[in-house]
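Assemble chain B onto chain A, guided by the hints.
There are 2 protein chains.
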Amino acid sequence: MPHEGLLDPQGKTVLNNLKHLHLSDVSDVRIGRHVSMQFEAANAEEAKEKVETACQKLLANLIVETYRYEIKEG
Amino acid sequence: MPHEGLLDPQGKTVLNNLKHLHLSDVSDVRIGRHVSMQFEAANAEEAKEKVETACQKLLANLIVETYRYEIKEG
Chain A
1 MPHEGLLDPQ GKTVLNNLKH LHLSDVSDVR IGRHVSMQFE AANAEEAKEK VETACQKLLA
61 NLIVETYRYE IKEG
Chain B
75 MPHEGLLDPQ GKTVLNNLKH LHLSDVSDVR IGRHVSMQFE AANAEEAKEK VETACQKLLA
135 NLIVETYRYE IKEG
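So the protein lines, in turn, are chains A and B. For the first sequence, the residue numbers in our numbering are 1 to 74. For the second sequence, the residue numbers in our numbering are 75 to 148.
Bound conformation, chain A alone (with noise of 0.2 Å):
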């Protein structure tokens, strides 16, 4: 997700766009990116491990981008 400072310009569209619907009363809208992962680990601690390596080298650009994440086993 864009930082809580920062302006998203994609989100502030589809909040125009949302008003056609009859969808006033839409006060804020922000648009990031899902990234959906599956992956063998030992045990929770690893697999918070690579996740945290995926997301700061390679998913999120942490400079206008927070990211959080939930770990399923299955």
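Calculated directly from the structure, the hints in this document are not laboratory data. No experiment lies behind these values; they were computed from the predicted model shown. Here a beta-carbon is modelled for each residue, glycine too, at the ideal position from N, C-alpha and C. You may find that some hints are simply not true.
[What the hints assert, rightly or not] Distance windows between CB atoms, simulated:
no.: 1; chain 1: B; residue 1: 84; chain 2: A; residue 2: 66; range: 16 to 26 Å
no.: 2; chain 1: A; residue 1: 61; chain 2: B; residue 2: 116; range: 30 to 40 Å
no.: 3; chain 1: A; residue 1: 16; chain 2: B; residue 2: 96; range: 39 to 49 Å
no.: 4; chain 1: B; residue 1: 114; chain 2: A; residue 2: 40; range: 19 to 29 Å
no.: 5; chain 1: A; residue 1: 25; chain 2: B; residue 2: 81; range: 36 to 46 Å
no.: 6; chain 1: B; residue 1: 84; chain 2: A; residue 2: 68; range: 13 to 23 Å
no.: 7; chain 1: A; residue 1: 27; chain 2: B; residue 2: 90; range: 31 to 41 Å
[Unchecked claim] Derived lysine to any residue pairs resembling SDA-like cross-links, with alpha carbons at most 25 Å apart:
no.: 8; chain 1: B; residue 1: 146; chain 2: A; residue 2: 20
no.: 9; chain 1: B; residue 1: 93; chain 2: A; residue 2: 30
no.: 10; chain 1: B; residue 1: 131; chain 2: A; residue 2: 59
no.: 11; chain 1: A; residue 1: 12; chain 2: A; residue 2: 72
no.: 12; chain 1: A; residue 1: 19; chain 2: A; residue 2: 36
no.: 13; chain 1: B; residue 1: 122; chain 2: B; residue 2: 100
no.: 14; chain 1: B; residue 1: 86; chain 2: A; residue 2: 71
no.: 15; chain 1: B; residue 1: 146; chain 2: B; residue 2: 123
no.: 16; chain 1: A; residue 1: 12; chain 2: B; residue 2: 132
no.: 17; chain 1: A; residue 1: 72; chain 2: A; residue 2: 58
no.: 18; chain 1: B; residue 1: 131; chain 2: A; residue 2: 58
no.: 19; chain 1: A; residue 1: 57; chain 2: B; residue 2: 97
no.: 20; chain 1: B; residue 1: 131; chain 2: B; residue 2: 113
Okay, now just chain B, sitting in the frame of chain A:
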């Protein structure tokens, strides 16, 4: 998110690049959009209706994408 059966070239590229981060046991990556929307609704049902309208008429391309959502009060 792209439909299950469809190729996701963006996800495939990320998957290939993860191997350079020594994350070679990742088996699948799929990339979609994450939209966060703030709005007013009288009750949970109205909230759900509004989100469905937004998803079906504007946010998701139902031919190639699936969507799911969570509604949080606050």
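Evaluated hints:
1. 84/B <-> 66/A: 16 to 26 Å: 20 Å, holds
2. 61/A <-> 116/B: 30 to 40 Å: Because 38 Å falls inside the window, the suggested range holds.
3. 16/A <-> 96/B: 39 to 49 Å: 44 Å, holds
4. 114/B <-> 40/A: 19 to 29 Å: 44 Å, violated
5. 25/A <-> 81/B: 36 to 46 Å: This hint holds: roughly 38 Å between Cβ atoms.
6. 84/B <-> 68/A: 13 to 23 Å: Holds: the Cβ-Cβ distance is about 20 Å, inside 13 to 23 Å.
7. 27/A <-> 90/B: 31 to 41 Å: 40 Å, holds
8. 146/B <-> 20/A: With a Cα-Cα distance of about 24 Å, the restraint between residue 146/B and residue 20/A holds, given a limit of 25 Å.
9. 93/B <-> 30/A: 31 Å, violated
10. 131/B <-> 59/A: Judged against 25 Å, a Cα distance of about 29 Å means the pair is violated.
11. 12/A <-> 72/A: Distance ~32 Å between residue 12/A and residue 72/A Cα, so the pair is violated.
12. 19/A <-> 36/A: 31 Å, violated
13. 122/B <-> 100/B: Measuring from Cα to Cα gives roughly 35 Å; hence the hint is violated.
14. 86/B <-> 71/A: This hinted pair holds, its Cα atoms lying about 20 Å apart.
15. 146/B <-> 123/B: 14 Å, holds
16. 12/A <-> 132/B: It holds: about 13 Å lies between the C-alpha atoms, which stays within 25 Å.
17. 72/A <-> 58/A: 21 Å, holds
18. 131/B <-> 58/A: Judged against 25 Å, a Cα distance of about 32 Å means the pair is violated.
19. 57/A <-> 97/B: OK: residue 57/A and residue 97/B at ~11 Å, within 25 Å.
20. 131/B <-> 113/B: OK: residue 131/B and residue 113/B at ~17 Å, within 25 Å.
Of the numbered hints listed earlier, those contradicted by the structure are 4, 9, 10, 11, 12, 13, 18.
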